[in-house]
Amino acid sequence: MVALTPTAGAGGLAETQTGGPATSSRRRRRPGIGRGLVLLICGIYFIGPLVGAFWFSIQDKVHGGVQFSAYAHVFSAVGFSDAFMLSLKLGIGTVLISLLLMVPTMLLLHLRAPKFRPVVETLCLMPLVIPPVVLVAGVGVVLAWGPNQLAGTPLQTFLNAIQSGKTPWVLILEYVVLTLPFTYRSLDAGIRSVDIHTLTEAGLNLGAGWGTVTMRILLPSLRTSVLNAAFLSFALVFGEYTVASILQYQPFAVFIVAAGQTEGQLSTSLSLLSLLITWLLLLLISLLGGRNSTKVDI
Amino acid sequence: MTAQSRAGSSSEWSPARPTADPGQVHELADGSAPIVTLKRRRSYAWLGLTPFFLYIAAFFILPTGTVLFSAFRKTDAGTGVTSFTGSNVSSALHGVYFTGIKNSLTLALITGVVGALVGLVLAWAIVSSTGNVLTRFVSTAAAVLANFGGVPLAFLFIATVGNSGLLTKALADHFHINLNSDLHFDLYGITGLELVYLYFQIPLMVLVITPALEGLKPQWQEAAANLGATRWQYWRHVGAPILAPNVLGAALLLFCSGFSAYATADALTSGAFPLIPLQIHAVISGNVLAGMENLGDALALIMVVIVVPLMVIYQLLQRRTTRWLR
Amino acid sequence: MSSIALESLDTGTGTTVEFADVHRVFGSTHALDGLDLKVRPGELLALLGPSGCGKTTALRLLAGFDQPDAGSVLVDGEDVSRLPANKRDMGMVFQSYSLFPTMSAVDNVAFGLRLRGRGAGDRRKRAAELLDLVGLSEHLKKFPHQMSGGQQQRVALARALAISPRVLLLDEPLSALDAKVRAQLRDEIRRIQLELGVTTVFVTHDQEEALSMADRVGVMRNGRLEQCAAPAELYQRPETPFVAEFVGTMNRLPGSMVPGGVRLFTQVVAVDGVVPPAGSDVRALLRPEAVLVEPAGGQPGDAIVTTATFFGAVTRLRMTQPDGQEILADVGSHRAADFPAGAQVRISVLDRPVLVRPESEATAGTVPGRA
Ligand SMILES: Nc1ncnc2c1ncn2[C@@H]1O[C@H](COP(=O)(O)OP(=O)(O)OP(=O)(O)O)[C@@H](O)[C@H]1O
Ligand SMILES: [Mg+2]
Numbered sequence: 001m002v003a004l005t006p007t008a009g010a011g012g013l014a015e016t017q018t019g020g021p022a023t024s025s026r027r028r029r030r031p032g033i034g035r036g037l038v039l040l041i042c043g044i045y046f047i048g049p050l051v052g053a054f055w056f057s058i059q060d061k062v063h064g065g066v067q068f069s070a071y072a073h074v075f076s077a078v079g080f081s082d083a084f085m086l087s088l089k090l091g092i093g094t095v096l097i098s099l100l101l102m103v104p105t106m107l108l109l110h111l112r113a114p115k116f117r118p119v120v121e122t123l124c125l126m127p128l129v130i131p132p133v134v135l136v137a138g139v140g141v142v143l144a145w146g147p148n149q150l151a152g153t154p155l156q157t158f159l160n161a162i163q164s165g166k167t168p169w170v171l172i173l174e175y176v177v178l179t180l181p182f183t184y185r186s187l188d189a190g191i192r193s194v195d196i197h198t199l200t201e202a203g204l205n206l207g208a209g210w211g212t213v214t215m216r217i218l219l220p221s222l223r224t225s226v227l228n229a230a231f232l233s234f235a236l237v238f239g240e241y242t243v244a245s246i247l248q249y250q251p252f253a254v255f256i257v258a259a260g261q262t263e264g265q266l267s268t269s270l271s272l273l274s275l276l277i278t279w280l281l282l283l284l285i286s287l288l289g290g291r292n293s294t295k296v297d298i
Numbered sequence: 001m002t003a004q005s006r007a008g009s010s011s012e013w014s015p016a017r018p019t020a021d022p023g024q025v026h027e028l029a030d031g032s033a034p035i036v037t038l039k040r041r042r043s044y045a046w047l048g049l050t051p052f053f054l055y056i057a058a059f060f061i062l063p064t065g066t067v068l069f070s071a072f073r074k075t076d077a078g079t080g081v082t083s084f085t086g087s088n089v090s091s092a093l094h095g096v097y098f099t100g101i102k103n104s105l106t107l108a109l110i111t112g113v114v115g116a117l118v119g120l121v122l123a124w125a126i127v128s129s130t131g132n133v134l135t136r137f138v139s140t141a142a143a144v145l146a147n148f149g150g151v152p153l154a155f156l157f158i159a160t161v162g163n164s165g166l167l168t169k170a171l172a173d174h175f176h177i178n179l180n181s182d183l184h185f186d187l188y189g190i191t192g193l194e195l196v197y198l199y200f201q202i203p204l205m206v207l208v209i210t211p212a213l214e215g216l217k218p219q220w221q222e223a224a225a226n227l228g229a230t231r232w233q234y235w236r237h238v239g240a241p242i243l244a245p246n247v248l249g250a251a252l253l254l255f256c257s258g259f260s261a262y263a264t265a266d267a268l269t270s271g272a273f274p275l276i277p278l279q280i281h282a283v284i285s286g287n288v289l290a291g292m293e294n295l296g297d298a299l300a301l302i303m304v305v306i307v308v309p310l311m312v313i314y315q316l317l318q319r320r321t322t323r324w325l326r
Numbered sequence: 001m002s003s004i005a006l007e008s009l010d011t012g013t014g015t016t017v018e019f020a021d022v023h024r025v026f027g028s029t030h031a032l033d034g035l036d037l038k039v040r041p042g043e044l045l046a047l048l049g050p051s052g053c054g055k056t057t058a059l060r061l062l063a064g065f066d067q068p069d070a071g072s073v074l075v076d077g078e079d080v081s082r083l084p085a086n087k088r089d090m091g092m093v094f095q096s097y098s099l100f101p102t103m104s105a106v107d108n109v110a111f112g113l114r115l116r117g118r119g120a121g122d123r124r125k126r127a128a129e130l131l132d133l134v135g136l137s138e139h140l141k142k143f144p145h146q147m148s149g150g151q152q153q154r155v156a157l158a159r160a161l162a163i164s165p166r167v168l169l170l171d172e173p174l175s176a177l178d179a180k181v182r183a184q185l186r187d188e189i190r191r192i193q194l195e196l197g198v199t200t201v202f203v204t205h206d207q208e209e210a211l212s213m214a215d216r217v218g219v220m221r222n223g224r225l226e227q228c229a230a231p232a233e234l235y236q237r238p239e240t241p242f243v244a245e246f247v248g249t250m251n252r253l254p255g256s257m258v259p260g261g262v263r264l265f266t267q268v269v270a271v272d273g274v275v276p277p278a279g280s281d282v283r284a285l286l287r288p289e290a291v292l293v294e295p296a297g298g299q300p301g302d303a304i305v306t307t308a309t310f311f312g313a314v315t316r317l318r319m320t321q322p323d324g325q326e327i328l329a330d331v332g333s334h335r336a337a338d339f340p341a342g343a344q345v346r347i348s349v350l351d352r353p354v355l356v357r358p359e360s361e362a363t364a365g366t367v368p369g370r371a
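Residue numbers (this note's numbering), protein chains in the order written: chain B, 1 to 298; chain V, 1 to 326; chain R, 1 to 371.
The following block holds chain B by itself, in its conformation from the complex (with noise of 0.2 angstroms):
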């Protein structure tokens, strides 16, 4: 067999081999031919849109060279504003509203319910498996009804409500399911981590009460997966084109698209900052909340 001829087990410990006796660090140090081939070739493939789009962004059509003007004059940009205002309304109230909604939630499932725990687990990963446009294509049907079926029902004036008006909460209410998902396992970690049997315990026999121990002694020592939470869901809201863009919508990734049409340099550029904010701010979190946070949330 292969491993009896003389040739063929060189390959096994090449490495620690070669790596002499001065060396002090020994093994995975030296990245081996096919390694490097690897990093250098899937680097070219992620870095070189980035670049290519930065070049882009920065070129001067008229007189040649470069110029900022594309990032200069986001903010001035017709609709603009607007949208990005949009986007921001929507990403704060859907942080608020799916903390609001899954932080008890969350709590009272550990505290005090575990039993219902699969059942909520399923329920909150679900929006991973059904694509969003399955899911707008349903609440474009139910919308459809206020105007039918329940015309002259409260509901078609709910349905009304949430369409219309200065702000879409159609939007925010079915971004809150979208990030779902997110919530769950950012809360689920965190709520496992600090082991809130313990606390909640120690909290009540020393005489606390019950909201003394959620607001003192839960929701602190739950800030940085709460922070988590809600910085996905914002990034997550800020980035969303489906649902918007199929309900009609223009929030900041539908207008984007609306601006590519005619001016590429700007969506280019607009394209490259959310990258990188998110990014960077992805980074951020992943740095304050320690390894934990990433690897189970991201």
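By construction, these hints were calculated from the structure, which means they are not laboratory data. Please note that the accuracy of each hint is not assured.
Stated by the list, open to error - Restricting the straight-line Cα-Cα distance to at most 30 angstroms, the calculated cross-link-like pairs of lysine-lysine (DSSO-like) are:
no., chain 1, residue 1, chain 2, residue 2
1, R, K141, V, K217
2, B, K61, V, K169
3, B, K89, B, K166
4, R, K87, V, K217
5, R, K125, R, K142
6, R, K180, R, K142
7, V, K169, R, K142
8, R, K87, R, K125
9, R, K141, R, K125
10, R, K180, V, K217
11, R, K38, R, K87
12, R, K141, R, K180
13, R, K141, R, K87
14, V, K217, R, K142
Mind docking chains V and R with the ligands on chain B? Use the hints.
Showing chains V and R with the ligands alone in chain B's frame:
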């Protein structure tokens, strides 16, 4: 937006801890009767979960269920009577929609398989060669591309290899190579979609498979070497079988992610390329023939029928391997 | 049954292992700092030492998972320092079992044979024999996650033996197991090792394990060998203060040299080994079982009992002398009631030659012994 959350979702449901029921401890300390406490708590806990269940029912189950239901409904244009029918689904499986399904499946399959393979190799290269800080850089970057990529990815590629993209022009100006006619590359066609999809599929694979690679114990390699295995034999007999369920599961996940993706394709092709998600949009935004109102729902049903079983298998595979890797 | 296994397991007696001035440096840590050690053919040598003293490093160098920075590792007189692990024919049992999770017990054991090109039927038969040898004939088809820690470790042992290794290496194979399984498996490893006559290096930081199993025990400290000797010799005649403290428990009683021996309490006891000049102050090294106690019977004694710790058959008394010196003694537990805390006791020592150290080196660089 997908896997990572799921990657950790292994079956760690620890059983309820009977002793650690703080409420009960408290009540007992107060001196009230424990049995009464237990009853009251139980109903209270259930009540506390109702907002969640109501919310999910109203804003997730109702819309999704409606789609699946109305996929089988049809309103007769003449009489206005609505009845059950299979005709929506059958139309959704023919003609241009059949092409859409076929394209979506092809795109998902190719980017799923290629993404899984390249992602696996890349994840291995990262896991085996970088330090802690770099790993964190790469993992967060992968998270951004896999989860929040969407629209921006399309524009990165349009700017680089689109019709007036930087590389397109550079090739044409300096080398007289036309991407389209000489290299048969069309960013707005299936080749372009594949290239762009890989930009989020590969990071998704890296994200999902890295924990599995990190879970490979170095002692397995040492034990194998000790018994006489070469590096290749170790991978073949030990490493690969351990990773296989994970890799397969991850590939399924990638398939679903490619199959469901909407934003990138829409932004790239302005909704023109025949893919199911784009067609659903076209159908439900109203420009359809009379009597075809529920066609979009039928298309949605087809997507669900394809995606859900695969995701269930993915879950099962994940669960199977977690016990090996920790 | 095991006789069948024995026949097919001719390991060829007579493999020797030698570490010759081996150095291994990790950054600023000298994990091995000139290790010299010879393992005789067919013996079970236990490597004992405090955590971080380089035991695992030594074993990994021998297995070929790592290379020495200087010096050489010789097997049967041949330098194997640069031979890759998969060519060394050494069977290793890891602390964490590290069975292959996708293979059943039988397949795990047969893996090494498979790599050696043995036919399927042949290797299954042999794997079954080996599993029988370690007492697992009922569990051939089980997967690692279906077995207890003790069972997994037995499979790991069978897997290492299956390739008829020249040397068997065990790195704290029992430390993850509970006390009872540990004792049982310890006996089993020793029995099998004796049956097969395979040269074995057994790493542990549990002195009881080392002393009870090994032909010889090598005590390591800071990457060097302090002493390598048979268990009884190591226990009774430790060559360095470190060994004295580390192996078993040792009293270091102050005494002075007089003609004919060392004066301890009212006795004069003969000295073992080098005799310091008369008149010098020394420390006598005495095991707790060599310290004899009697109730003082109401009069002031030599020391006061501070604690009594029950160890089963014996009870260990910790006593304080008027000058603050602590002294430990073992008494049969049936006598423990005579020595409650606070009791005055009279002390004498067993009349047999004792080891003494000059006062100056008595406390140098020792670590607390373990009870
Ligand atoms: N790969 C490594 N990189 C850096 N330092 C190491 C490495 N391996 C071992 N060391 C250091 O070398 C020294 C000896 O380690 P070794 O594992 O041999 O100790 P040990 O005697 O087996 O201890 P234990 O009883 O705790 O297992 C320790 O200080 C350890 O920190
Ligand atoms: Mg060790």
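Results for each hint:
Using a Cα cut-off of 30 angstroms, the hinted pair K141 of chain R and K217 of chain V holds, with the two alpha carbons roughly 23 angstroms apart. Between K61 of chain B and K169 of chain V the alpha-carbon distance is near 13 angstroms, which keeps this suggested pair within the 30 angstroms criterion. Distance check on the hinted pair: K89 of chain B and K166 of chain B sit about 10 angstroms apart at the alpha-carbon level, within 30 angstroms; holds. A hinted pair counts as satisfied when its Cα atoms are at most 30 angstroms apart, and K87 of chain R with K217 of chain V qualifies at roughly 21 angstroms.
Restraint check for K125 of chain R and K142 of chain R: the C-alpha separation of about 16 angstroms stays at or below 30 angstroms, so the hint holds. Between K180 of chain R and K142 of chain R the CA atoms are separated by roughly 23 angstroms; this keeps the pair inside 30 angstroms, and the hint holds. With a C-alpha separation of about 63 angstroms, the suggested pair K169 of chain V and K142 of chain R falls outside the 30 angstroms cut-off, and the hint is violated. This hinted pair checks out: K87 of chain R and K125 of chain R have alpha carbons roughly 24 angstroms apart, not beyond 30 angstroms.
Our distance criterion of 30 angstroms between C-alpha atoms is met by K141 of chain R and K125 of chain R, whose separation comes to about 13 angstroms. As the CA atoms of K180 of chain R and K217 of chain V are separated by approximately 28 angstroms, the hinted pair is consistent with the 30 angstroms bound. Taken as a hint, the K38 of chain R and K87 of chain R pair is honoured in the structure, with Cα atoms around 21 angstroms apart against an allowance of 30 angstroms. Of the supplied pair hints, the one linking K141 of chain R and K180 of chain R holds, its CA atoms being roughly 25 angstroms apart against a limit of 30 angstroms.
This hinted pair checks out: K141 of chain R and K87 of chain R have alpha carbons roughly 29 angstroms apart, not beyond 30 angstroms. For a cut-off of 30 angstroms, the pair hint linking K217 of chain V to K142 of chain R stands: about 21 angstroms separates their Cα positions.
Checked against the numbered hints given earlier, this structure breaks only hint 7.
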